[in-house]
Amino acid sequence: MSIDRLTNRPIDMPINIIEEKVYLNKRITPEEAIELFYSNDIFRLGRMASYATEKKNKKNVYFIHNRHINPTNICVNRCKFCAFSKDKGENGAYQLTLGEILEKARSAEKGVSEFHIVGGLHPDLPFEFYLEMLRALKKEFSHIHIQAFTAVEIDYFSRISALPHKETLLRLKEAGLGSLPGGGAEIFQANVRNAICEEKISGERWLEVMEAAHSIGLKSNATMLYGHIEGYEDRVAHMSSLRELQDRTGGFQAFIPLPFHPHNTRIKRRLKETTGMDDLKTLAISRIFLDNFDHIKAFWIMLGEKMAQVSLSFGVDDIDGTVVEEKITHAAGAKTSEELTKEEIINLIQKAGKVPVERDTLYNIIRMYEHEHSTV
Amino acid sequence: MNIALYNNTIDSIIDKVKSSHRISEEDALILFKEADLLTLGELADEMRKRLHPDNMVTFVVDRNINYTNICINRCKFCAFYRDRDDKEAYIISEDEIYKKIQEAIDLDATQILLQGGLHPELDITYFEGLFKKIKNRFNIHLHALSPPEINYIARQAGLTIKEALIKLKAAGLDSIPGGGAEILIDRVRNLISPRKIKSAEWAEVMLEAHRLGIPTTATMMFGSIETPEDIIGHLSLIRDMQDKASGFTAFIPWSFQPGNTEIGSKRVKGHGSYFYAATGVDYLKILALSRIFLDNFKNIQASWVTQGAKLAQAALRFGANDMGSTMLEENVVAAAGVSFRISKDELIAIIKDAGFMPAQRNTVYQIMKVFN
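Chains as they are written, first to last, in the working numbering: chain A, 331 to 706; chain B, 606 to 977.
Derived from the structure by calculation, the hints contain no laboratory data. Remember, predicted model here, so these are calculated numbers, not experimental data. Where a beta carbon is used, it is the ideal one built from N, C-alpha and C, also for glycine. Keep in mind that a hint or two might mislead.
[Claimed, not checked] Just so you have them, the derived chain B footprint on chain A, three or more residues with Cβ under 8 Å:
#: 1; stretch: 444-458
#: 2; stretch: 639-649
#: 3; stretch: 674-680
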């Protein structure tokens, strides 16, 4: 029988069993993860999650100096939760030329180690355009890693080029693609998915694309969009699918839960946005449940920098990067600024009692900031 | 200090808190510097539960009316004040005040927070007249005039603080907001608000008010240039005051909002040093420490207006038992470029979501309505 270390009270049985498993480094079941969602004991969740992350990452908290580029907001899918996408010809629709994309890349600050490129499913651009973009970027910026194209875009490319997923990915890799971001996962469960993004590829298909990517040595991330119409069971089932695939491939680097931003979207909710408690619980439980993922990322641009910082005590070990020109979340009314300087990110991490580590896309350490007053 | 000794110290402080013993300033400093966020949170949460076993989280419906932004103090942390000849300077008319109060009452408000700058021409006669007229027209609690304003009004009129308070109370003043406290350490005040009343004068106004049966709140604005020792000195001063007269209804810590302020801009641009606003972790730690240290304060307010709804909700697990006010109107924080808005329904929803029972209260923490 374990005793709460702080209150000296015996712990109620179900959570007690889960807690023992976590501290014995045993995997928890989906049912147990759901149980945790119904608990309001955020301190115990935080401690378990902190234990799980420190086992993998010590006190390190990673960030990356990257540049986001969104080549187009024109998208054939028009998901209901998305405030970014436009139809072709619609007011506000845009499409960058190759020249403009290169221009944006050139305007990136010195020290950027990654281009992060995602966009809509454009009705007319041929697959060759994307290959050309990768080649052109790689030619000019051979040292900068390109993380680009969600599984949804990859599947779309494979359809417009009539190539299988694997072949599509091989050609992209050959042209310079370094890794895949984790977007487009939303919630895999079909009933939820059909309600919020019926035109988007199924959860199974998303996982197939990732499996193909991992099979040719491309690493990727995985996201989960929560706080719209899904229940805790849907979140856990989503994470379960990811955990199973990760057991097979080991190709996922980070899991990134994304709180839904309802403004300018076609989904109505009781609350304007997810609550702080829900964000912290979701991050902590994902850290506890996804024992085969090395990293849990809080995307500060969606969570807000204050909550992202607090989440570092709830299992998070990555707060993404210095993002210039983020368009997708801001279209949905996110109030965060589009950029935190590197100094600000280091300060946030240090004030949370952690060690800031600048990483590259593949989590190679570029620089650790171990001392209280690093000069940067 | 060796590790074993240090652990004993932290453990013994934790034991003190858990067994409802008052912690010293030294204890507080050790907790603040050494305890991690979750430890502070757990201790504060346990203390909150002890003081509020009903699991209730309260809020008040009110409107902030800022009668003028003209202020002779011109504090360096303030984005709200204007000089008299500034084109954005204003004084609102009495009729406008009445209109704002009526609108607030129509939205279930029970309180008006009336505060403003130190305006040389608004004297005690003006406020006595205004308060009487408000009280004649409306059934509303008047939470008005922070200590710098009361001190200024009294001095202008050649009255003692006590005399001024007696007059204002007779005219309709029900309670006093705890603003203008900033950090109640004069070294800090001299740097960030050199023309504002000193800490002893702030304390004098509050103690006189408490002795006259006028309840007040106490605030703290952290995150400018103070040290951890200053924060604990501030908490210690108000804890001592509360021991003397028990007149504080609540404590409200919030963080300096550097946007559009003299300190914010100078520190950002000057001397190669970078000004970092207080972070979310700073806020939760200071909130939790306040809950732990101020054992004679029943209520600690979360500040959604400066921290946002998400962090304010999390604050309910870090010592806060009150969400403050719905603030149908707020101007001072907004002037610093921070504009979180929240409706009564949202406030109720986030309190419930955190596992608490929401209740609307009045200014003196009587429950008006419970939202099950």
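How the hints compare with the structure:
no. : hint    : result
1   : 444-458 : violated (count 0)
2   : 639-649 : holds (count 4)
3   : 674-680 : holds (count 3)
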